[in-house]
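Chemist: Below are the chains, spelled out letter by letter.
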Amino acid sequence: MRGTFGRAFQQEEEQVMLRVSRRNFIAGGAAFLSLSTTGAGGGTSFAADTRLRLLWWGSQARADRTNKVSQLFQTKNAGTTVNGEFLGWTDYWPRLATQVAGRNAPDIIQMDYRYIVEYAQRGALAPLESYMPAKLQIDDFDKTQIDGGSVNGHFYGVSLGANAATTVLNVSAFEQAGVPLPTQATTWEEFARMGAEITKAGKRKGMYGIADGSVVEPLLENWLRQRGKALYTAEGKIAFDHNDASEWFEMWSKFRQAGACVPPDVQALDKNDIETNTVSLARSAAAFAHSNQFVGYQAINKDKLGLTNHPRIAADSKGGHYRKPSMFFSVSAQSKAIDQAVAYINFFIKDPEAALVLGVERGIPESAATREVIASKLDAQGKVALDYVTGLGDLAGALPPPPPAGAGEAELALRNVAEQVGFGQLSAADGGKLLAEEISRIVSRG
Amino acid sequence: MNTATHASAADIAVERHQSVRARGRLARLWASNAPGYLFLLPWLLGFFGLTLGPALVSLYLSFTDFDLIRAPQWTGAANYVRIATADPKFAAAMQVTLTYVVLSVPFKLTFALLVAIALNRGVKGLTFYRAIFYLPSLLGGSVAIAVLWRQLFAGDGLVNAALSQFGIEGPSWISHPNYSIYTLVALSVWQFGSPMIIFLAGLRQIPTDMYEAASLDGASKFRQFYKITLPLLTPVIFFNAVVQTIDAFKAFTPAFIISGGTGGPINSTLFYTLYLYQEAFGNFRMGYASALAWILVVIIAIFTAFSFLTSRYWVHYDD
Numbered sequence: 001m002r003g004t005f006g007r008a009f010q011q012e013e014e015q016v017m018l019r020v021s022r023r024n025f026i027a028g029g030a031a032f033l034s035l036s037t038t039g040a041g042g043g044t045s046f047a048a049d050t051r052l053r054l055l056w057w058g059s060q061a062r063a064d065r066t067n068k069v070s071q072l073f074q075t076k077n078a079g080t081t082v083n084g085e086f087l088g089w090t091d092y093w094p095r096l097a098t099q100v101a102g103r104n105a106p107d108i109i110q111m112d113y114r115y116i117v118e119y120a121q122r123g124a125l126a127p128l129e130s131y132m133p134a135k136l137q138i139d140d141f142d143k144t145q146i147d148g149g150s151v152n153g154h155f156y157g158v159s160l161g162a163n164a165a166t167t168v169l170n171v172s173a174f175e176q177a178g179v180p181l182p183t184q185a186t187t188w189e190e191f192a193r194m195g196a197e198i199t200k201a202g203k204r205k206g207m208y209g210i211a212d213g214s215v216v217e218p219l220l221e222n223w224l225r226q227r228g229k230a231l232y233t234a235e236g237k238i239a240f241d242h243n244d245a246s247e248w249f250e251m252w253s254k255f256r257q258a259g260a261c262v263p264p265d266v267q268a269l270d271k272n273d274i275e276t277n278t279v280s281l282a283r284s285a286a287a288f289a290h291s292n293q294f295v296g297y298q299a300i301n302k303d304k305l306g307l308t309n310h311p312r313i314a315a316d317s318k319g320g321h322y323r324k325p326s327m328f329f330s331v332s333a334q335s336k337a338i339d340q341a342v343a344y345i346n347f348f349i350k351d352p353e354a355a356l357v358l359g360v361e362r363g364i365p366e367s368a369a370t371r372e373v374i375a376s377k378l379d380a381q382g383k384v385a386l387d388y389v390t391g392l393g394d395l396a397g398a399l400p401p402p403p404p405a406g407a408g409e410a411e412l413a414l415r416n417v418a419e420q421v422g423f424g425q426l427s428a429a430d431g432g433k434l435l436a437e438e439i440s441r442i443v444s445r446g
Numbered sequence: 001m002n003t004a005t006h007a008s009a010a011d012i013a014v015e016r017h018q019s020v021r022a023r024g025r026l027a028r029l030w031a032s033n034a035p036g037y038l039f040l041l042p043w044l045l046g047f048f049g050l051t052l053g054p055a056l057v058s059l060y061l062s063f064t065d066f067d068l069i070r071a072p073q074w075t076g077a078a079n080y081v082r083i084a085t086a087d088p089k090f091a092a093a094m095q096v097t098l099t100y101v102v103l104s105v106p107f108k109l110t111f112a113l114l115v116a117i118a119l120n121r122g123v124k125g126l127t128f129y130r131a132i133f134y135l136p137s138l139l140g141g142s143v144a145i146a147v148l149w150r151q152l153f154a155g156d157g158l159v160n161a162a163l164s165q166f167g168i169e170g171p172s173w174i175s176h177p178n179y180s181i182y183t184l185v186a187l188s189v190w191q192f193g194s195p196m197i198i199f200l201a202g203l204r205q206i207p208t209d210m211y212e213a214a215s216l217d218g219a220s221k222f223r224q225f226y227k228i229t230l231p232l233l234t235p236v237i238f239f240n241a242v243v244q245t246i247d248a249f250k251a252f253t254p255a256f257i258i259s260g261g262t263g264g265p266i267n268s269t270l271f272y273t274l275y276l277y278q279e280a281f282g283n284f285r286m287g288y289a290s291a292l293a294w295i296l297v298v299i300i301a302i303f304t305a306f307s308f309l310t311s312r313y314w315v316h317y318d319d
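Protein chains in written order, with the working numbering: chain A, 1 to 446; chain B, 1 to 319.
Derived from the structure by calculation, the hints contain no laboratory data.
A couple of the hints might just be wrong.
[Unchecked claim] For lysine to any residue, the following SDA-like pairs were computed, each having C-alpha atoms within a straight-line distance of at most 25 Å: (1) K250/B - D91/A; (2) K89/B - N272/A; (3) K203/A - G167/B; (4) K143/A - G123/A; (5) K302/A - K250/B; (6) K203/A - P171/B; (7) K205/A - A161/B; (8) K336/A - A71/B; (9) K271/A - L158/B; (10) K89/B - D241/A; (11) K203/A - L158/B; (12) K433/A - I83/B; (13) K271/A - A92/B; (14) K271/A - Q151/B; (15) K254/A - N178/B; (16) K302/A - A161/B; (17) K205/A - Y179/B; (18) K205/A - D156/B; (19) K200/A - A161/B; (20) K89/B - T90/A.
Here chain A stands alone, though its shape is the one from the complex (with noise of 0.2 Å):
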């Protein structure tokens, strides 16, 4: 009996190690292909044919948009291929931080306002002044988004659409609670108050008023634009000080103990992406996005969403919002058809076909002519998102100038020691003094 078991056991693990090792070799077979991908890659320029590289962040419906877009490109423009790749924000940085290391970048990137000047400092990125304006026809777009894809005076990335910092609002929610939505005017203490009596309404299990906004880097920098300052001077260093912080965690701690908010270890659950935002979890009746992924939202929300704006911290402040380039495409410094990936991104931004597969979905055209094409065009969301962006009148400031490297650590940093403050491990005041300390040597280290 113990030898038929100890026969099986053997034979089991061989069985562990055959798998084991049968993975290993079709490890190893992988790298033996990406090897030969990369040399036919790097071999391979016939002058008829050009390959492409696309890489992008993204949700399937964007992904299917792109893809149109792509093949519309190559019907018009015989002899250039675009291989298209997409991948979630997480695992977007690290692929393209790699791919960029290992001299494998893709032609055009998809970049963010966070990651730009990271990119292009260290010259990863191709500059594209040179083919403005005849190759690269964005002369109507606004200088200041032109301003946003620039880094120290050269021009890298091309905004595909306009977004802005928005309060999303479960609708449902407000009305089944009696409880009349936000308006352009509300302050941030009306906001509060709103929030505490959904919450004592109750009328949905588990769901308070609003997300707890303290961690919500955007919302910080709204409030702070609101009070005449703002996260990051031009010259890359902090541009608010402690006394600013702790009044920023003693107005939440205020609207933690009314209950206006959620509790600390419900607001955790939030991983900063729209799946897992207090709204879509069903957590919250309100909570803090960006305009452009309204669209997604109410993809996943079976209630209906509204948009609008940050709250005022007083009737008559204004500027806390911005439209900011949502996304760019840049293209790679490595890239041996910088022109075909010119004419790709050109194609992207100007054609009326592609604009109309592309809708709003990355943000609002920056082209008139554009926006003017697709505006009869729109689904109801989208109309919802132009109208948020296009109508924030007074509310809207000028663009800051891009985060610093370090940036996104700084956001991290936020997130940390506001979580300190809500789970009461330090008081609004010691917060504050520690996240302006944090700051301060996260971006002087770079």
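Model the placement of chain B on the given structure of chain A, informed by the hints.
Modeler: What follows is chain B alone, placed relative to chain A:
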């Protein structure tokens, strides 16, 4: 002189003969081993190309400021000095990782041993149960299970739904800094399958006549376990402990998925490997991350060496 030449010529002839024979032996050796190496080739290529090579490069990079894009600049021991003197997050990550190792390894091994003993009592359908209990280990490292764990231990997850039956209103376990690490420990303990299988094999190797003799002498079941099972099982326990400790130090996926890559809330799930990953790919400090990686290698080596050194005092080899 003539004779001398003669002798040396003979020597040379002998030597040549020997060397030809040696070469022949080598050739024969090669001929008989070549297929072996050929079959090993994928693994050898993998080992040198994908493991040893990159490891040596990372050792070099740990002395540079490599940022993934620009060419690395030699900075001497600066990265190591910073880790030792000016990096609070290193200390935080180390603390989280050590807590995880110290909690998860003993619990997991104890649990695995208990299940193995239960299964060893001649349960009907042993293969079936063995497969069932092993299943979590196969799934364990996967992203899907980490996502499932998130669902179970979230505020409105299954665990709290069960607790609410008893009138307990639990917090969101995975996103509360006081509890999040324990949900990860629980996830690790749940994947007790592979040490259990090894324990089971070890238990099966203990001769039954020892137990028979002991029970004839009137030893209680507990005493039998304490005096026979445990000592004879020590080599297996030792093996499992070393392997599981190394695994625990290297844990990454659960914390990455459950915290969304942040290591939060408040760094409570900031595993060492997760911090390393953040530095490398989030903050573009590949040189610094390489230094962190090599420190982890040294720490694991120290732990393993310590286990081997102390093993002679408690591991009982039957020879």
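Chemist: Give a verdict on every hint.
Modeler: Against the structure, the hints come out as follows:
Only pairs whose Cα atoms come within 25 Å are accepted, and K250/B paired with D91/A is accepted, the gap being roughly 20 Å. For the given pair, K89/B sits about 21 Å from N272/A by alpha-carbon distance, which is consistent with the 25 Å threshold. Note on K203/A and G167/B: the hinted pairing holds, with a Cα-Cα distance of about 21 Å set against a maximum of 25 Å. Of the pairs offered as hints, the one joining K143/A and G123/A holds, with about 24 Å between alpha carbons and a cut-off of 25 Å not exceeded.
This hinted pair does not check out: K302/A and K250/B have alpha carbons roughly 40 Å apart, beyond 25 Å. As the CA atoms of K203/A and P171/B are separated by approximately 21 Å, the hinted pair is consistent with the 25 Å bound. Taken as a hint, the K205/A and A161/B pair is honoured in the structure, with Cα atoms around 13 Å apart against an allowance of 25 Å. Of the supplied pair hints, the one linking K336/A and A71/B holds, its CA atoms being roughly 20 Å apart against a limit of 25 Å.
At roughly 20 Å between alpha-carbon atoms, K271/A and L158/B fall within 25 Å of each other, so this suggested pair holds. Using a Cα cut-off of 25 Å, the hinted pair K89/B and D241/A holds, with the two alpha carbons roughly 23 Å apart. A C-alpha spacing of about 22 Å is found between K203/A and L158/B, which places the hinted pair at or below 25 Å, so the restraint holds. With a CA separation close to 24 Å, the supplied pair K433/A and I83/B stays within the 25 Å bound.
Pair hint K271/A plus A92/B holds up; C-alpha atoms about 21 Å apart against a cutoff of 25 Å. Under the criterion of a C-alpha separation no larger than 25 Å, the hint pairing K271/A with Q151/B is consistent with the structure, at around 14 Å. A distance of roughly 23 Å separates the Cα atoms of K254/A and N178/B; the hinted pair therefore holds under the 25 Å criterion. Proposed proximity of K302/A and A161/B is supported: the alpha carbons are some 23 Å apart, at most 25 Å.
Between K205/A and Y179/B the CA atoms are separated by roughly 23 Å; this keeps the pair inside 25 Å, and the hint holds. Taking the CA atoms of K205/A and D156/B, the gap is about 10 Å. The hint holds against a cut of 25 Å. Restraint check for K200/A and A161/B: satisfied, since their Cα atoms lie roughly 22 Å apart, inside the 25 Å limit. Annotation: proposed proximity of K89/B to T90/A holds, straight-line Cα distance about 21 Å (limit 25 Å).
Checked against the numbered hints above, the structure violates only hint 5.
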